[in-house]
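Chain order of the listed sequences is R and S. Per this note's numbering, residue 1 is the first one in the first sequence, and the count goes up by one each step. Per this note's numbering, residue 1001 is the first one in the second sequence, and the count goes up by one each step.
Calculated from the structure, these hints are not laboratory results. All of these numbers come straight from a predicted model, not from anything done at the bench. Ideal placement from N, C-alpha and C gives every residue a C-beta, glycine not left out. You may find that some hints are simply not true.
[As the list claims (entries may be wrong)] Ranges of calculated distance between the beta carbons of each label pair, as one might list FRET restraints:
1) Ala170/R <-> Leu1373/S: 54 to 62 Å
2) Ala1041/S <-> Gln319/R: 41 to 49 Å
3) Lys255/R <-> Gly1376/S: 57 to 65 Å
4) Val1305/S <-> Phe148/R: 23 to 31 Å
5) Gly169/R <-> Val1305/S: 29 to 37 Å
6) Asp1421/S <-> Thr40/R: 38 to 46 Å
7) Asp258/R <-> Gly1376/S: 33 to 41 Å
8) Ala1057/S <-> Leu133/R: 40 to 48 Å
9) Leu133/R <-> Asn1072/S: 29 to 37 Å
10) Pro1236/S <-> Gly169/R: 51 to 59 Å
11) Ala170/R <-> Gly1308/S: 53 to 61 Å
12) Ser1284/S <-> Met237/R: 51 to 59 Å
[As the list claims (entries may be wrong)] Part of the chain R face toward chain S, derived, beta carbon under 8 Å:
13) Thr63
14) Asn64
15) Gly266
16) Gly269
17) Ser270
[As the list claims (entries may be wrong)] Taking beta-carbon pairs under 7 Å as the criterion, some of the chain S residues facing chain R (in silico):
18) Arg1076
19) Asn1104
20) Asp1272
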Amino acid sequence: MSRPSILQKIASSAAVATPAPVARQVRGLSDRAIAWLFVTPTILLLLAINIFPLIWTIQLSFTNYKANRAARGEKFIGLRNYERVLGDADIWISLQTTAHFLIWTMLLQVLLGFGLAWLLNKQFKGHSFWTTLILLPMMLSPAVVGNFWRFLYQPQIGLFNYIIAFFTGADPSSFQMLGDVNLAPWSIVIVDTWMWTPYIMLICLAGLRSIPDYIYEAAEVDRASKWRQFWSITVPMVLPFLMLAVLFRAIENFKMFDLVVELTNGGPGSVTELASINLKREAFEKWRTGYSSAFAIILFVTVFGVANIYVKALNAVKQR
Amino acid sequence: MKKGWIKSMLQTAAGAALALTVMAAPSQKAQAQSLTLCWAAWDPANALVEMSKDFTAQSGIEMNFEFVPWPNYADRMLNELNSGGKLCDLLIGDSQWIGGSAENGHYVKLNSFFDKEGISMNDFLPATVYAYSTWPKGSPNYWALPAMGDANGWVYRKDWFSRPALRSEFKSKYGRDLEPPKTWTEMKDIAEFFQGRDVDGKRVYGAAIFTERGSEGITMGATGALYSWGFKYQNPNKPYDMEGFVNSPDAVAALEFYKEFYKCCTPPGYTDSYMEEGLDAFKSGQVAMMMNWFAFFPGLHKDPVVGGDKIGFFVNPGQKVEASTLGGQGISVVSYSEKKDQALEYIKWFASPEVQKKWWSLGGYSCHKSVLLDPGFANTQPFAADFLKAMDGVQDFWQEPAYAELLLAMQKRVHDFVVADQGTAQEALDKLIEDWTETFEDEGKL
């Protein structure tokens, strides 16, 4: 007979230490009751911090409530807030701005992230060093990145302007990345791409490494070209990973707030005012609580609906 | 053995409780004898800290301070008030907050206290009483004591203006002397003259003006031009009737001018700048002129690099009328404070003429007539006379309870036009009327 392990010793001493009546009580609970015992705190927490605020927000969206004027009370106004939100040209402009930001950041991050992952998947000298270096931006706080890039974009002393000037011969202070109406939307795309491409790369790298070598070996035996291997093996097998990464990033970028606030605060004018920034202004600067609740519900339903359709597509891809 | 263990535990707990009670007693006493005053983090706040030591010496009440940087000041303090927070016993709140704070019960009404203590609003400059203390506007209902008079003014590089070569070049180009401007048109000429010029081997620019989008910056800057063109928020005979006033031809011309000024004569990248950015630009020798609040002028005058004789000050130039944008704040007792009596004691102390004189001497802007109407006042500081002149023609933004909504609408419309080149000045002001009308309809005022 082998000697008892340390874990077994601890388990047996714990069992002895448990007072008999308590042990009997626990033993007397059904599996279902024990399951509820464990799940109940989580459910209560979810109800308190997710479900209750959601229901309250829905209720507020049908009122003219203003959180800074609580004493004034609230009046039921039916669908008026929803009508106003959907008829507000500024809201549609902020949604267009969000769509521009979302589409371009996703496109660039997928292309660059996949490309980098593909390169890093090759074994070469210093490969670990480069992987770590590339991952650094996504480990930084968005507020830090925003501030840092604001200095880089500064027209008089910013490194970014000097680099562009070096290659183009233009005067560094002749263009303003954050202050120009045409360049500002691109400046936030560049920073988000710089920060989050490593995330897409990391997930793609995991996908690439999960492809068994024997599939490529079989393709070699069948004399498939590298190009054919890429399109017929690599892309289809990495696609579920890539789609998942895009889903996570798209949801995050739809809610993007901190990075853009630090960079442009929605300006110049309102050309980089994303939906989330607009929502924050309505809710916590103008204090139009009822109106902003309706806007939040519309955004929530949009993200929820689109994400559901996307997840169905993702499942279809995985099952192929 | 078990009983002995319980006994010793009880003894230890009792001992600890006794020790904690003994230690806590003086700190509770100290807490009862302390007040927290909330304000923005800027030069005058430091002067107030210094001056409040006299109050502590006199009353035995310790003063604590909660100073918040300007860009976050309104958000932070209005959240505090809206949530019924007890952080601040005394609050030096912006003039525009008074309507909301009075109607929502955030501030203690001070009339009976003033009557009881013999504090007369007649002792303070009427413009400051109107702006910082009363709600409804102009009524004898006082919610604050005028604490810090302020207006938007200008500072310029006197040393550059006095260089013979520059003066002669300016005169030959514009046919007049290079002197502080009397109108916005003159000011634009001067700014254009300096824009992109090399001074002491360094490229300099015309002026630093307010263009900030997030809080109140561009509104405070653009109204400096709008008021000078005679802008009115509403029909003087019909409240909340804005058509033809907010978007009058003069208002459109003023807004167009502000945009031209921004485009021609500000440093590169000056798209989201307010007080601090202006100070940075001016102190680093980048600009010939800077728009900013008088509150910063004592600090600038003392600045070792650009202060002293190197700089001069002038009041906001007129165009059709002499007018300046109002800044400044009144001091109020927060109704959620548990130390209202002590807070009122502070206000009583602050209202005394001696304290007001010291307040001015330390760099605060007193609103007390005994200070401002003193025959020697204009010579006390190089900007004192301009301050008095500015306070004579100050105009303030809406002070309605819905002021935040009104302000943000103007921030958006003006920034969209001036900085982001969206639409025309006429469209910006027309849309502004639509926004404000919607707000006043929600408020039940239209």
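Violations among the numbered hints: The structure breaks hints 2, 6, 7, 8, 11, 13 and 18; every other hint is satisfied.
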